[in-house]
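Quick mapping for you: the protein sequence lines, in order, are chains B, S and H. 554 is the number of the first residue of the first sequence in our numbering; add one for each residue after it. 52 is the number of the first residue of the second sequence in our numbering; add one for each residue after it. 836 is the number of the first residue of the third sequence in our numbering; add one for each residue after it.
Careful, some of the hints might be misleading.
What the hints assert, rightly or not - Below are the DSSO-like pairs computed for lysine-lysine, each with C-alpha atoms no more than 27 Å apart in a straight line:
no.	chain 1	residue 1	chain 2	residue 2
1	H	908	B	663
2	H	1024	B	752
3	B	752	H	908
4	H	1013	B	663
These are calculated hints, taken from the structure and not from any lab test.
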Amino acid sequence: MEFLLKPFMFTSDLVEDTVEVVISSGDLPWPQNVILCVPLLSSQVTLHEQAECLATQAFLRMHGLNFTLDERPNAEYMSVTAKLPLLKIDDHFVAGFDAITTYARLRIRKQLTSEQESAIRPYVEMINVTVRNAELYAAWVDDTNFRSVTAPRYGSPYPFPLNKILPLLKRVQIKAFLTENSPLASMDDVRESLNSDMKALSERLGPRPYFLDDLNTNELDALVYGHLTALLTSKLPEGNLTELVHRHQNLVQFCQRVDRKKEMGMNSELHTTTVVTSMRRLPPVVLKSDV
Amino acid sequence: MAGFFEATQKAQAEGSVAQTLDLDVLSGVKTIVDKVNLEGIGRTKDGVLHKECQRIFRSENFEELILNVDFTIKEFQRLGLFKAIGVLIDVGKEPQNYEVSFFVKEPNQLFGSVQTTVSGSGDTGLNVAVETPNVFGSGQRFRIEQGFGTKTKSHFSFSYGHPIQLSAIKYINAGVFRRNFTFDASGLFNVDHGLSLDIQNEVGPYGTRHRIGWEGSWRFVNSFNPKTPYEVRQYTGHSLKSAVINEIIHDTRDHAMLPEEGFLVRVFNELAGLGGDVMHLKTEAHLQMNVSLYKSIVAQATLGCGQVMPFGLNPVSISDRYFLGGLNFRGFTQNHVGPHAGNFAIGGNLFWTSGLHLYAPLPFGDPYQPLLRHIRLHGFGNVGGLGNAGWSGLFSNFPMSAGCGVVLALGKLARLEINFTKVLTTTGSEVLSPGQISFGFGVVYS
Amino acid sequence: MQNPRHELEVWRGDWQLLSIDPECLRAAAYVRLSGAPVSIVQNAEPWSIVSGAYPVLRGENKSQISGADAIVKRLRSDGFRCPHEANQMTTYEEADAYALEGYIKSSLSPLLDYLWWADEEFFQKVAQPWYTKELSLYGQFVWTNRQKKRMLNRFMMTPDAQISEAKVKLFRKQTVQKARRCLEDLSVKLSDKTFLFGLQPSALDACAFAYLAPLFYIPWKSKEIRKELFMDNLDKFKNLKLYVDRFRKRFMEGSAISSVRLVQRPVRWYHRALEQIQKQQDILLFATFAIAVNVYLLRRTVRRLRFSWPAFENHARQKVQDSYAEMAKNLGMKAEMQPGA
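Isolated chain B, as found in the complex:
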């Protein structure tokens, strides 16, 4: 949508800037009124967004950090850096899975050692780049998938003719991005790429419960869980992506295991509430200074 927007300030999700924000918020514990803003999960969200949102929720829940889920149709515009999901904590915003996890770790002071980090970073990168590009291609560039699933979903909160125009505009942007930044040229390429990624993940996981540590989970677990669940539950007709995941049973079992751990985290004393709104726009949050 570049042509609609004018260039404006851009907030970063770099580690240094995140650190600044955390330090400035002092040594405060995780507050009570944290909001995680996502698109409408049941009707609007597309494949890679769903993966990221699931991954973030899983990460936060597994570490027992409570939040309120707020589903909004304009979530991608509400986000400060246009990344999803958006976390509102105290009075600042953090957007995107990487930034949120970095921020959360800094805030609750539970960081990984540098060996652990260098062990999982290549895989995190692989998922963030190759798997995400494959998901983008499968959902947006492939004609059948786009017309039958992605476009109706993406345009569902809007009235005619916006529900036809907006998906097309987004598709143009994504296509331009993919032609420059990824070698995928057809659904077969997508399947091949996803296949190698799944194989690598499966081999790395092996028979162990989680990727790094037998007891604790980390970003990689959350991210893999998010993307795999999104792929397993995707309704895209072309590509048969679900089958690719089913080829590696240890990955399917891994997803179920993380699911159970999430539930456990949810039933801890810090409960999470979900606010689901399926209207086009939401009622305003009531302010104290309302006349």
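Mind docking chains S and H on chain B? Use the hints.
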């Protein structure tokens, strides 16, 4: 009228006694107009000319003739048919027959204008407009306008106006526009693309302007300020508005920006909801009365109120809400009156404002000199309220300000003020103007 | 079996490197590591390639495979493997190798692109003269500028709705941070081993070498990036630098490099002028435009003036006559009309 005066001058030059002719006497002079000549017609079509000139043929006496000719010239000007009109009333072949000749010059095919603007929030702008008057020969006009501003406010519009039934006062306009502007107070910017279709008319003896039409626009709101709070961010995104508009303006003032007499009534209604996802009913009314007390000292009272009522479950979008501050509520920063989230204004569904002014000329010079006519000193009081939660709240606790300053009117287009204001009461949620001296520029004031 | 007449065509290299393009280096390094009988050929004409298709493995019957991934896959399937892979590669290591290859590529390639194309100082002082030496006119003027624009556009692209002015600055920061993390990870993984997986090299080493070597060998200019990358500690990635040196000395030198099909251009007298023109082309364009507009306006004015010259002259004449007449009246004399006075 040129012909008449030429005749007098010729008589004087030849040494004969100038005959002073009274207009009263003229009404006794019977006339039959047997010819109306129009010279210099190029692309103007016959239909509209015939219609306008019928009036002249109907003149019974000389006074009527002169008045009708005058009226016709005004109609031509209103329709934008010609850029220069000269008229000659000459005697015809037989007695009591007169011939009226119009010497006209049609305007160029294109007529452009460049205009620079400065606004109170520091934005400077440039407006370039290209108009083709009288493009198909009967007063139709195309207009393309493009404006730029430093704060990336810009707009582009392309419109076509067609007179209805060849009348000068009824126009049907169709346009396409694109608008780009920022809500600085809320940290948002807005991009609109839209179409509009309306009919403009003037009714009544005093030229009450009436506009009724439809406007459809695709609006995109996004935030450029990372500090914009969550409550304001929820209005970002795309929306589609399809609205029917009705506007009535009755303006008997003598000057739009520094009036000395007359009053203005403006009523505006908008019903959005037939198509699109924006559904509301917006009503607004403004009243301004001016009374000249003594010479050029003028008292002015203004009153305005408005309400946006949403239908359905969606709240009113921030592009449709009301904001007060700046020139319509002096003492407060532009758009910063009313409910806020942090430092960011969210506007309100209801507003009312009232103002009382006393204008006085500068203590030196003649107040009606061309330069000094546009400068006045004024003392004012502003009061008003903006909110979301119902009228009673607005009338129980509202901000007030008073002060004095200098007003400079830029032609009839805009108004520049430098004021010393003191805020008397405030509800605590407004943002006051920094410092005591504030500077305001705009078109809408109260 | 492979015919020794197979050729791997790569971009031309400099500064002790076989090629300036990391993907080409990777293919060449794999060829060397696996001992495949392929000769390496350097090329420098940009119009003879489809962009992104280098490196190219040309077979005997005009068959060609382009792209490092495809070449490596083909060589591997033909039986040419790196020593480590042939012997003892665990599934863990395979998974790691796959992930790391993607990681290195996606972390270091943007940085290399940025340093080559977007750093103005480097581009003008090193890259452009380098192209000028090797490329023909088309290559210099048209192709390099087009590539540069394309690269800069690529930096601005994201699959989401964000766009900003400050993105260029932020992009640099992000790229450098990503690259630094990658270097740190590689450094940790390598520690003090000979190769990334131990004593024997593997395809991952080819990839690592291909992306690290340009970073260390090409004389980049940007001091800020060097500072941010190395965090004021030039010894930070010393093990990586030694590793790259080792690899190069052991595998990348040798006689099997032939430079054919280079367009050798003799330096002509107009090259200096062309260089100057290229540097100042913005000013030249503006000057040409301004002159053209002025000439056009001047023509119109002259044409107009030409037609009013007589009126102008008459007017002046009339004024002179009037002043004479007044003078005469004041002196009580009769004015005489003097034609053409």
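Review point. Against which earlier hints does the structure fall short, listed by number upward?
Key: 1
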